[in-house]
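Q: Below, each chain spelled out in residue letters.
2 protein chains.
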Amino acid sequence: MGGKYFEELEVGQILKHQTARTVHDYDNILFSTLTMNPQPLHLDAEYASKTEFGRPLVNSLFTLGLAVGLSVQDTTLGTTVGNLGFQNVEFPRPVFGGDTIYTETEVISKRESKSRPMQGIVVFEHRALNQRGEIVMRCQRVALMLKRPIDK
Amino acid sequence: MGGKYFEELEVGQILKHQTARTVHDYDNILFSTLTMNPQPLHLDAEYASKTEFGRPLVNSLFTLGLAVGLSVQDTTLGTTVGNLGFQNVEFPRPVFGGDTIYTETEVISKRESKSRPMQGIVVFEHRALNQRGEIVMRCQRVALMLKRPIDK
Numbered sequence: 001m002g003g004k005y006f007e008e009l010e011v012g013q014i015l016k017h018q019t020a021r022t023v024h025d026y027d028n029i030l031f032s033t034l035t036m037n038p039q040p041l042h043l044d045a046e047y048a049s050k051t052e053f054g055r056p057l058v059n060s061l062f063t064l065g066l067a068v069g070l071s072v073q074d075t076t077l078g079t080t081v082g083n084l085g086f087q088n089v090e091f092p093r094p095v096f097g098g099d100t101i102y103t104e105t106e107v108i109s110k111r112e113s114k115s116r117p118m119q120g121i122v123v124f125e126h127r128a129l130n131q132r133g134e135i136v137m138r139c140q141r142v143a144l145m146l147k148r149p150i151d152k
Numbered sequence: 001m002g003g004k005y006f007e008e009l010e011v012g013q014i015l016k017h018q019t020a021r022t023v024h025d026y027d028n029i030l031f032s033t034l035t036m037n038p039q040p041l042h043l044d045a046e047y048a049s050k051t052e053f054g055r056p057l058v059n060s061l062f063t064l065g066l067a068v069g070l071s072v073q074d075t076t077l078g079t080t081v082g083n084l085g086f087q088n089v090e091f092p093r094p095v096f097g098g099d100t101i102y103t104e105t106e107v108i109s110k111r112e113s114k115s116r117p118m119q120g121i122v123v124f125e126h127r128a129l130n131q132r133g134e135i136v137m138r139c140q141r142v143a144l145m146l147k148r149p150i151d152k
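Protein chains in written order, with full-length UniProt numbering: chain E, 1 to 152; chain H, 1 to 152.
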């Protein structure tokens, strides 16, 4: 069990996640169609060739989803109740098929839950970087985390 | 072309999107594995049966992605440069396999881009509702929108 309980997370802690993932054009097609997104910027290479990017732009929510997914092993795996939300989700640079995404997470804040004494609220900042070390996504995720069970 | 140019969007406008989508357990598996998310809450029905939800919780980023996807036909289809980001993404209620997701969008604000005279920044609030009319996701999306071409 790789996730961390509320007590194990410290503000300022930075976790560099081991697994990276190369994004393929087909990820973009699969993600966009699965989420019913008809945007030609993602699906239509001819259309995209006439935009400022010159080729299909990877769906930004795929980048967000992948960055969160790659962080879970080290953060919330089996130690969360669920995601309460996200704040300040930014995409400073585009992602294209062939780019490789690396991720890191910083613990921004934590506090006890008022209504749930066995749980606490942790804000993670996730950052996704491409193969040139440029930040392509930054967000803050608000997670309702479990405290360590008494018998552990 | 169903998307709206910057000039066609008015603050306060509410768009109720026609296409709805029933979410299946397999969407959750496919989305979570595609984004490399190993969270047992999403993938492991035995684990999930012992949580407060009693069954797998649909990945909240699938709900976000689907709500945005279902809105694109009426908002940004072919009329956006790209997503700048998201703010205040909330998941007030859980989504489970079998739930049907309906969406609506409100135009929250718009302003001209300072650096790009042919473009403007529009903030959309997307809301996803389940079959009981309960809000399961609310977010604000910041989109860089094209102005109407001079020949249209």
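Please note that the accuracy of each hint is not assured.
Identical chains blur together in the list; that is why a pair holds if it fits in one copy or across any two.
[Claimed, not checked] With a straight-line cut-off of 30 Å between C-alpha atoms, the simulated DSS-like cross-links for lysine-lysine are:
1) LYS110 x LYS50
2) LYS147 x LYS16
3) LYS147 x LYS110
4) LYS147 x LYS50
5) LYS110 x LYS16
6) LYS50 x LYS114
7) LYS114 x LYS147
No wet-lab data here; the hints were simulated from the structure.
Q: Taking the hints in turn, state whether each one holds.
A: Going through the hints against the structure:
no. : hint            : result
1   : LYS110 x LYS50  : between (46 Å within a copy, 25 Å between copies)
2   : LYS147 x LYS16  : within (23 Å within a copy, 41 Å between copies)
3   : LYS147 x LYS110 : within (12 Å within a copy, 43 Å between copies)
4   : LYS147 x LYS50  : between (52 Å within a copy, 16 Å between copies)
5   : LYS110 x LYS16  : within (19 Å within a copy, 37 Å between copies)
6   : LYS50 x LYS114  : between (53 Å within a copy, 23 Å between copies)
7   : LYS114 x LYS147 : within (13 Å within a copy, 47 Å between copies)
Checked against the numbered hints above, the structure violates none of them.
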